[in-house]
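Asks: As they're listed, the protein sequences go chains E and B. For the first sequence, our numbering gives the first residue as 23, with consecutive numbering after it. For the second sequence, our numbering gives the first residue as 12, with consecutive numbering after it.
These are calculated hints, taken from the structure and not from any lab test. Backbone N, C-alpha and C fix where the C-beta goes; we use that ideal spot for every residue, glycine too. Be a bit skeptical, because a hint or two may be false.
Pair ranges (Cβ atoms, derived) [as the list claims (entries may be wrong)]:
#	chain 1	residue 1	chain 2	residue 2	range
1	B	Thr162	E	Ser371	34 to 42 Å
2	B	Leu165	E	Ser371	33 to 41 Å
3	E	Phe68	B	Ala87	56 to 64 Å
4	E	Gly260	B	Ala179	25 to 33 Å
5	E	Ala60	B	Leu274	50 to 58 Å
Anything over 12 Å on all C-beta distances counts as not near chain E; from chain B, calculated [said to hold, decoys possible]:
#	residue
6	Glu44
7	Val103
8	Leu115
Chain E is faced by these chain B residues, among others (derived, beta-carbon under 10 Å) [unchecked claim]:
#	residue
9	Phe40
10	Arg63
11	His101
12	Ile113
13	Thr116
14	Thr117
15	Glu148
16	Gly191
17	Gly195
18	Leu199
19	Ile233
20	Phe236
21	Pro237
22	Ile240
23	Asp280
24	Leu298
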Amino acid sequence: MSDLHETAATGTEARAVAVRRRLTRPLIWVAAAALAIAVPFYLEGFWLQTGLFAMSAAVGAIGINLLTGSTGQLSMGHAFFLAIGAYAYVYFSADPEQGARQALGGLGLPTPLAAVLAVLTAGVAGGLFSPIAGRLKGAYLGIATLALIFLGQHLLFNATAVTGGYNGRAVPPLHLFGLTFADTPALVVMDVPFGALERLWFLGLLLVLGAAAFARGVLRGRPGRAMNTIRDHEIAAGVMGVPVARYRAGVFVLSSMYGGLAGVMLALVFQRTVPDYFGVFLSLDYLAMIVIGGLGSIGGAVIGAVFVSMLPQLLTRYSDSLPLIAEPGSGGVSPAEAARILYGAAVVSVVLFLPGGLAGLFARLRAGGGGRTGRPARARGLRFSSSPTPTPSPDTRS
Amino acid sequence: MITFLELLVNGISIGAVYALIALGFVVIFKATEVVNFAHASLLLAGGYLVARLQPLTGFWAALVIGVAAAAVVGAAIEFLIIRRANVASHSVLAIVTIGVDIVLTTELTRQIGTEILALGDPWGDSVVHLGEVTVAETRIVALFTAAALITLFLLAFKYTGWGIAMRATAEDSETAALMGIRLGRVSLSAWAVAGALAAVAAVFLCVFPTPGLDRGTSLAAIKAFPAAILGGLDSTTGALVGGLIVGVTEALMTGYQNQLAFLGRGIGDVAPFLVMVVILLLRPAGLFGIRETARV
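Isolated chain E (complex conformation):
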């Protein structure tokens, strides 16, 4: 439907827009890169840590957006794969130790290898679930994946030799190319002491860029088209020769590997893994991220991840000066609760009022003040219809 607008733009106008974009786009990228590199030199630890959480969340959100946004498969089990990634990294890289109360296992592998193996382990875990992930669709899969959360929690608390049980485990810092991602040995760059957070910042940036580039490649290519067709019309996809079940299972595995990578990053930033963190709420957070950012769009996943993971931190930090928000434990609305209510409401209002999420909003603004001749903002996610009566899809009729 929206393609009509595209053809409506006259040739000259389109060309002018293209030229302008060709000039501005590299500038924006250079500015963003400079800003990202400058951050560790100026901002304090709190902001770095918040930013690193956002980066880890961005990687995880890109992964679940491939599954939910682009393929239309709901997953409530993303937290499980984060947990797998985090704990697998710890298990592979830590040396076995005889604690006071319990013995902790570990393989003592080189840390980069452990990180890669952790991502692969998450992929294998996703693959083990693929008989279900391939056959169920949409919200059915959402409920089925709830099982992963509960199974995960059970394992985290009970497989104490691997996970450390209730207390969790300390995360060994990463050693890469002779650089240790920890506060010691001390490192000073341009008069700024470079601790663990500063070092991880650059690693995190690289990983987010890599994850985004890979997802972009997947979405732009043949698999992406197949995934979108499965989402929009399963039968049509099958008729055109897309192996629907195999694709669903494959995307599930890919998204769980993204989850695993996010888990590894999270473990490195936290420096300790605790089982409580990987509960059902974490999964809901990820769904909120991709809806708020924009379903099916990589930039949207990153924006949503930044929004959802930074909101509680910001509210906590500025809780004194914000109205309606009380100190944690004082009976009023605590910052974490306020954040949760805010983004829950954001999810609802985005679907009601802002089709395409924040990414769609930016695209519309860039297209030129809502003018009708510009590039139409198109939700690449689960199709939000712009006409008053949604076209009946096979989903809506039996």
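Go by the hints and put chain B onto chain E.
Replies: Positioned in the frame of chain E, the structure of chain B alone reads:
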């Protein structure tokens, strides 16, 4: 053997309560094709109101108000949000209900805080002896109430005009609309009924032997999701059978926890989900679900 029978009776009774929750879930799905992830928070809302009102009004009045209020909350979600969300895919609506669930659950658990709210029900902690088997009175009441409500619902579903409208909508909503059925009312009533059923279930989830309503109650309600899906999301019979399977599995696994120690502590909470996964592996549409066929 006695233990087994006691566990079985308890399992069936808690299963009947799960069936109530699952039934509401299935009704919403049949009428509007929305998978309602906000169901647990509807339940929490109903239970919370009953617990807060009962010191003021007494149990029965509180129960009536709580059930009515949960029905209103359900209807309000439908009227204010689901109806206005102009989306073509129902997966997006499922995510909207997740958003609603986040808001409601966060606010309610904040209100509850660390308290454990008693429901002030008239059955208290008295037990009934059936031969050598000892069962809590609340469990018996739960079983009979759930059975009565489910029977009532199924009869209404079959014989009243409302039930026929509901079934016609579930079958083919466009044709139903052409026949003069007002789809808005059908889905509104479905959400209201689901809310009311969830509130009743909330009461029985929180009475003896459970200490009361606390912030973990919504987690207990999540166990009704596997109940609904393992029976088949579009089947009312499936909801009943699924509820019973989940209840009995949970009760037995928890009861024989010590013999099952190799599976780890707290296996009872995970068992319903494992059963669900096994059943979905064998029958992806659930036990009674209709495998979707499409004409091209």
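Asks: Quick one: which hint numbers does this structure break? Sort them smallest to largest.
Replies: 3, 6, 7, 8, 10, 15, 16, 17, 18 and 24
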